[in-house]
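> First to last, the sequence lines map onto chains A and B.
Each step along the first sequence adds one to the number in this note's numbering, with nothing skipped, and position 71 is 71.
Each step along the second sequence adds one to the number in this note's numbering, with nothing skipped, and position 11 is 11.
Treat the hints as calculated values from the structure; they're not laboratory data.
Even for Gly, the Cβ is constructed at its ideal location relative to N, Cα and C.
Mixed in with the good hints, there may be bad ones.
Using 25 angstroms as the maximum straight-line C-alpha spacing, the simulated SDA-like pairs for lysine to any residue come out as follows [stated by the list, open to error]: (1) K19/A x P131/B; (2) K56/A x R67/B; (3) K7/A x W60/B; (4) K68/A x P33/A; (5) K11/A x C322/B; (6) K11/A x R136/B; (7) K19/A x P86/A.
Taking CB as the label site, the calculated pair distances span [unchecked claim]: (8) R2/B x P25/A: 54 to 62 angstroms; (9) S183/B x H12/A: 53 to 61 angstroms; (10) I250/B x E32/A: 49 to 57 angstroms; (11) R182/B x P25/A: 37 to 45 angstroms; (12) D245/B x S43/A: 34 to 42 angstroms; (13) D245/B x E55/A: 56 to 64 angstroms.
Single-letter residue listing:
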Amino acid sequence: MDRNELKMQLKHLLVEGLKLDGVRPESIRDAEPIFVEGLGLDSIDALELVVLVEEKFHVVIPDEEVGKLAFASIDALADYIVRQQPGARV
Amino acid sequence: MRRVVISGAGSINALGKGVAAFAAGLRDSRCAIRTLSLFDSAAYRSTCAAEVESLAPPTWLPAALARRVTRTDLLALIAAHEALESAGLRGGGSSLQGEASPMMLAVVLGATTGGMHASEEFVRRRVLALPPAPRRALLTTPLSTTVDLLASVFGAAGPRLVVSTACSSSANALGIAADMIRSGRADAVLCGGTDALCRMTFSGFNALQALDKVPCRPFDRRRAGLTLGEGAAMFVLEEEAAAHDRGAPILAEFLGYGVSADAHHITQPRPDAAGALLAMQRALGASGVSAEEIDYVNAHGTGTPMNDVLETRALKTLFGPCAYRIPVSSTKSMVGHCLGAAGAIEALACVLALRGDFLPATVTLEEPDPECDLDYVPRTSRPARIRTVLSNSYGFGGNNTAIVLRAAE
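Let the hints inform the model, and build the full structure from the sequences given.
Structure, rendered in structure tokens:
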């Protein structure tokens, strides 16, 4: 999958999966923090998002440490998903 | 013994948002029962409900919370915010923490279904293979969700408790809150009840054939069941001296409460009404009040054939010949039966009656039942000077609670 397309899919997943009424997926910036600032998401949103990403992209977020890095931004999340794909070079 | 007073109140129900709207609705004897719009009720015996219209998250609620709070949470949050503001505790405990001696604010809440409506929606979408609802809906299933939310939003660092004794839940919550003040376990208690309409209660009461097809008619000869409602009423209780020192308004005094259990049946009350009577006797005893001193009774008055005749019988036993001169009314004829919130909503109706010098009416009562022959204040409210009032709340499983309130001096 094209990396830009992956990032757009993630933005749609965020908005639709978390029911972020009034947020346009295109308005989410690639490098902006996903949690706390910006979108005002909290720890319960994080739980929801982890499960949504795991289901849709067949990846595993094994613990909080990995999760914090992977969910730092849309860029970081796209990187993480690409790296987790079978055959990906680490 | 420490005297416990109500120093703040907040309200939301089908008659409107805010204590003033509830007071106006009661005084104007407005029935707020309409056709249910929250979910499809076509398959039920009745489509009547006392629903809160245009319920939306208030602007002061953080965005992450506004996205996931349930109807039950919202009702409680809105009423609690008003109660704390009217008690002069704006911002609740969080502003109090900064003071020289922070106030120990407890939260005690009566509730029966919590986030059931959100959980139902989650399951419905899954069963019908619709796009899924966020899983966070399932986090709202435990009844404790709302009381935890209230404590964190309003910065209440004292003890917290959720009381679930069916339809007497919030009457008990007020009583337990008063106990906390008397025992010194809390300086102030944010207490009351909240319950939103949901399919489970609608289906349950429907299956029990306990829903009237038309707006409920307590004490009427033709009554055929209750009407479900939703809402919340929240109070701030504190010791009289503390409220006085703070310069807080004193809305009424909480004199005492009495509790009993029927130990009889899963839904039906005891046919001899002994449990209902015992709760009232205990409430009077705990309050140091004689039966003759009661000026008004806010009845449980659901409009089911059995409740109203048994409650009448218990009142006659309690009051003896005086029963015929003590007005009794059911405010459920205006706001429906709000289950876990009913006791608190009706306590607030009593406070408003005491403060406004009027008797709320049983607005849908038109044809008296020969077996219900007391003064039920039919159709319209009326002016009256009242000082001491009693409110009954009876719940499934034989949970009986009566509370006694007195006008502020």
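> Now look at each hint and say whether the structure bears it out.
We went through each hint and held it up to the structure:
{"no.": "1", "hint": "K19/A x P131/B", "in the structure": "holds (12 angstroms)"}
{"no.": "2", "hint": "K56/A x R67/B", "in the structure": "holds (22 angstroms)"}
{"no.": "3", "hint": "K7/A x W60/B", "in the structure": "violated (33 angstroms)"}
{"no.": "4", "hint": "K68/A x P33/A", "in the structure": "holds (11 angstroms)"}
{"no.": "5", "hint": "K11/A x C322/B", "in the structure": "violated (70 angstroms)"}
{"no.": "6", "hint": "K11/A x R136/B", "in the structure": "holds (19 angstroms)"}
{"no.": "7", "hint": "K19/A x P86/A", "in the structure": "violated (31 angstroms)"}
{"no.": "8", "hint": "R2/B x P25/A: 54 to 62 angstroms", "in the structure": "holds (58 angstroms)"}
{"no.": "9", "hint": "S183/B x H12/A: 53 to 61 angstroms", "in the structure": "holds (55 angstroms)"}
{"no.": "10", "hint": "I250/B x E32/A: 49 to 57 angstroms", "in the structure": "holds (51 angstroms)"}
{"no.": "11", "hint": "R182/B x P25/A: 37 to 45 angstroms", "in the structure": "violated (56 angstroms)"}
{"no.": "12", "hint": "D245/B x S43/A: 34 to 42 angstroms", "in the structure": "holds (40 angstroms)"}
{"no.": "13", "hint": "D245/B x E55/A: 56 to 64 angstroms", "in the structure": "holds (57 angstroms)"}
Going down the numbered hints, you'll see the structure goes against 3, 5, 7 and 11, while the others check out.
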